[in-house]
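Please work from the sequences and hints to get the whole structure.
Protein sequences appear in the order of chains A and B.
Residues 1 to 315 (our numbering) are what the first sequence spells out, left to right.
Residues 1001 to 1439 (our numbering) are what the second sequence spells out, left to right.
Because the hints were derived from the structure by calculation, they are not lab data.
The beta-carbon is built from N, C-alpha and C at its ideal position, and this holds for glycine as well.
Where chain A lies over chain B, by a calculated footprint (3+ residues, C-beta under 8 Å):
(1) 1228-1242
(2) 1245-1258
(3) 1263-1274
Incomplete in silico selection of chain B near chain A, CB under 10 Å:
(4) Asn1213
(5) Gly1280
(6) Glu1302
(7) Ser1304
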Amino acid sequence: MTVLGYVANGLVFSSIIVLGSIGLSLVYSIADFANFAHGDTMTVGAYAALVTFGAVGSLGGAVLGLPYGFFLALFIGVAAGAAVAVVTERLIYEPLSVDSIGLLITSIGVAFVYRAVIQIGFGADFTRFEIGALRPIEWLIPYGIRVTRHDVAIVASAVVLVVGLHLLLQYTDLGRKMRAMADNPTLARVSGIRTRRIRYWTWVIGAGLAAAGGVFLGLFNQLSPRMGFNLLLVIFAAVILGGIGSVYGAMLGGFLIGMINQLTPLLSRLGEVLPLVPDGFGIPIGIEYANAIAFVIMVAVLLARPTGIAGEEAV
Amino acid sequence: MSRDTTSDTDRRTYLSVAGATGLAAFAGCVSTTDTEEDAGGDSDGDGEADAGGEDDAASDDADESTSTESYQIGMVDSLTGSLSAFGERNQRGVELALGRVNEQGIDGRDLELIVEDSESENQGGIAAAQKLVNQDEVPFLIGAVGSGVSLAIYESVTQGTDVVQLSQNSTGLNLTDFPGLLRMSPSGRTQSLALANLIAEDGYDEVAITYVNNDYGQSLTDAFVDAWDGDVVYNTPHDQEQQSYSGIVAEMNDSGADAWLFIAYQAEFTTMVNEVYSSGYEAQFYGADSVSGDSVLANTPEGSMDGMKIVVPSAPVEEANYQTFAADFEAEYGQEPTSWAAYAYDCVINAALAIQAADEFTGAALTDTVRRVSGPEGETVTSFEAASEILADGGGPDDVDYQGVSGPIDFNEAGDPVGFLQILEVQDHEYAGTGFIEG
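Structure (structure tokens):
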């Protein structure tokens, strides 16, 4: 496979990671704890979409190989993820008067509950959306790129969501309040921002994006009760690499980690790929270490820049 | 060893006094974790209580008279724990086999099987085996399911004694290194050999392999590479539960091999097939038994695996004796038997024949006859009844060759049976049996 091919694969995988990492970082910046139930929120979204899609069917036409019904299912999945997160915040995180470590541990418990409920409802076995898999797009194959229209849909949807979030944060009242609250919650409250309401909105946006990531993950790979949890470690790496609490850092970190993960096979043939390196040179490391490599790079970046790429300087 | 025996005695006392409460003391002694103790508690308690009861009655009787009472042998099974599904299948096969044997009787005596639970763990397996060997003094021990448990029992309990140990379900490759430890299920090595031959017969001289990054995947792959004469152009493990294997399939494609071998589990293999399909790669797939399953078929596109060949350990399902067994099994339990039930069934029948053929009911005598009654010499018979008649008419162990429902048995020097494997081919997105291989 050519370099372009690996980059294309990386782009698809990154899109899913980016959607997951934004929500994690957003919730961290405003609710002030690392939410370990985030991965399972992705799973919740994916299964809600699975149920919806099973109920509504394809609804006639299709865009990019995805039936209209799938987009409705995506919407319901996002809504379900957001609703579950808000209810969890209302019933569990908000009434708990513990510090961020206490909330972190609580969120691990919450993650178990989400997963258990899904496992009770759907069994431990894996499944997929009832959407036929596609063959790669023909005219891209000569360039060594083997992606399907579904992959294009994943990347396009992620771009739309990320751009939408950017506009929301920069140009709307809600966005300004969220940024103010992330910067200094006390000051935000004193200046008249209803911080509780902003917290809820943060959960809606963060969990909604995670749920969308989960639905795409289900489309890209398969659905299983552990799907989100299995990705959580990589998402954490992305968020920390980007600078935890920074939404734009999470986007960048998610992109980089996804890319590194998929570009690992190139490490062993660096010579062919890079211009100034002699042919035959390569770092002989197997693809099974892809995640380890991503984490090594994360640690290296943190050593050089302890707050992450886009993180604010330590106070 | 003596310490454990003591704890077993404690447990027995408890059992007779307080029934299932004794379990807690026992479980405490072998230091399992709390959750397992709780989870295993109920069913284990029942099993122990039953076994203990029989054992008490029988050993009391045995003290009084030894000639007309039943022959007692032991079994260590995974009644609880991670392999309890196998244990359940085993027990159905065992019940059916005991029914067959006791319909006929062994020289007028019954066969009695004392079943103990291994909790699917080494520790539990050893404790169960020690109880059977040291207290019940069984000369013949069927056990266990997991390869690690079978080996642990062999090394700490039966090795160096004359007790015969016959594992019902272990397929681990390293059991072959212990000739004193017999097993009824074929070694994973026969699968690797069969795959190597199959791929070579199909005319490929290059193969790309990916295997699941654990003992199972590693040992099967190593055995395959040993047996394979051609080139292995790609050989890389993959971790379980990753969200993408597109790098692996891309590298397999880049390797240039036309034959791809997957020693993977179902979920990971399904992801790979989808990625191969959506990347538009073409190759002839081969797989170990772990890649086959209905959920794989349900979650891969039609036609994405057609022509794939998979080798699975199997009972010879086309043989008449297997079909009789399957029909009886279905009548009794309302479902089709698994190969694992067939292995357990054959363990009991083989043990019963060894007892009948032996001069005396001792480990030394049974060690001698256990291989011979099902070995290749003698008249071929397919049921306990027929074999038992030959022995009753004065035949020796070499006059019968019991053909099991799970295969011809014929233990080799290493204590492994002749493996019976089925080749499945994916046709129209369904598994179709295309032939059998004798290991």
